[in-house]
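Undergrad: For what it's worth, this note's numbering labels the leading residue of the sequence shown as 1, then goes sequentially.
Derived by calculation from the structure, the hints in this document are not laboratory data.
Glycine included, each C-beta is placed from N, C-alpha and C at the ideal position.
Just to be clear, a hint being listed does not mean it is correct.
To be verified - With a straight-line cut-off of 20 Å between C-alpha atoms, the simulated EDC-like cross-links for lysine to aspartate or glutamate are: (1) Lys43 to Asp13; (2) Lys43 to Asp60; (3) Lys43 to Glu11; (4) Lys43 to Glu10.
Stated by the list, open to error - Here are the computed distance ranges between Cβ atoms for each label pair: (5) Ile26 to Pro5: 11 to 21 Å; (6) Met139 to Thr25: 28 to 38 Å; (7) Gly159 to Gly23: 22 to 32 Å; (8) Asp98 to Ser122: 16 to 26 Å.
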Amino acid sequence: MTRIPPIPYEEWDAEVLRPLTGGRTIPPSNALGLLLNHPRLAKAFLTFSTQLVYRGTLPDRTRELAILRVAWRRRCRYEWAHHIRMAPRAGITEDELDQVRRGADTLVNRAVDELETAFALSDGTYAELAGELDERQLMEFVFIVGAYGLQALAYNAFGVEPDAGMDDGGMGEDAVPL
């Protein structure tokens with residue numbers, strides 16, 4: 001159940017959304033509709049998240065796997081539904097989505113799980129990540145996990161539902177957090 005109703009699409013402030021859209025028209029989104037209830041926060045957060053997602057150096061595939069693992073761990077239906085649609089464009093297979101769901105022992109799953117539970121990375125996991133990512137990418141990885149953890153927390157707390165026509169990929173409302 002939505003606790004803070006999203007601002008209706010017809011009332012969206014294009015200037016607040018500019019960091020994300022660059023002035024383009026975008027379709028309705030329950031998450032953006034929620035954020036627009038607080039325009040200054042929305043503009044600041046969209047500037048930060050746009051840098052991470054659209055202007056970062058982290059490989060798309062790594063970024064999406066990390067976001068999906070955060071969404072699954074936190075049982076964020078909105079985030080999961082949105083990013084499983086993006087997964088194929090990042091080269092993520094159904095088998096890899098299943099690995100995210102099962103918490104298979106992959107480097108990305110292990111790193112996300114450590115950040116989500118210990119709020120740090122073990123020396124071994126850090127060394128493995130550093131073998132695949134440069135320093136900027138390592139920083140972006142950690143910030144992606146934190147930023148999407150924050151979004152999952154907000155979307156779950158405020159009851160943001162997946163957008164119309166989005167499938168939550170089997171997560172369902174009755175899914176229990178890890």
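Undergrad: If you test the structure against every hint from before, which numbers come out violated?
TA: 2
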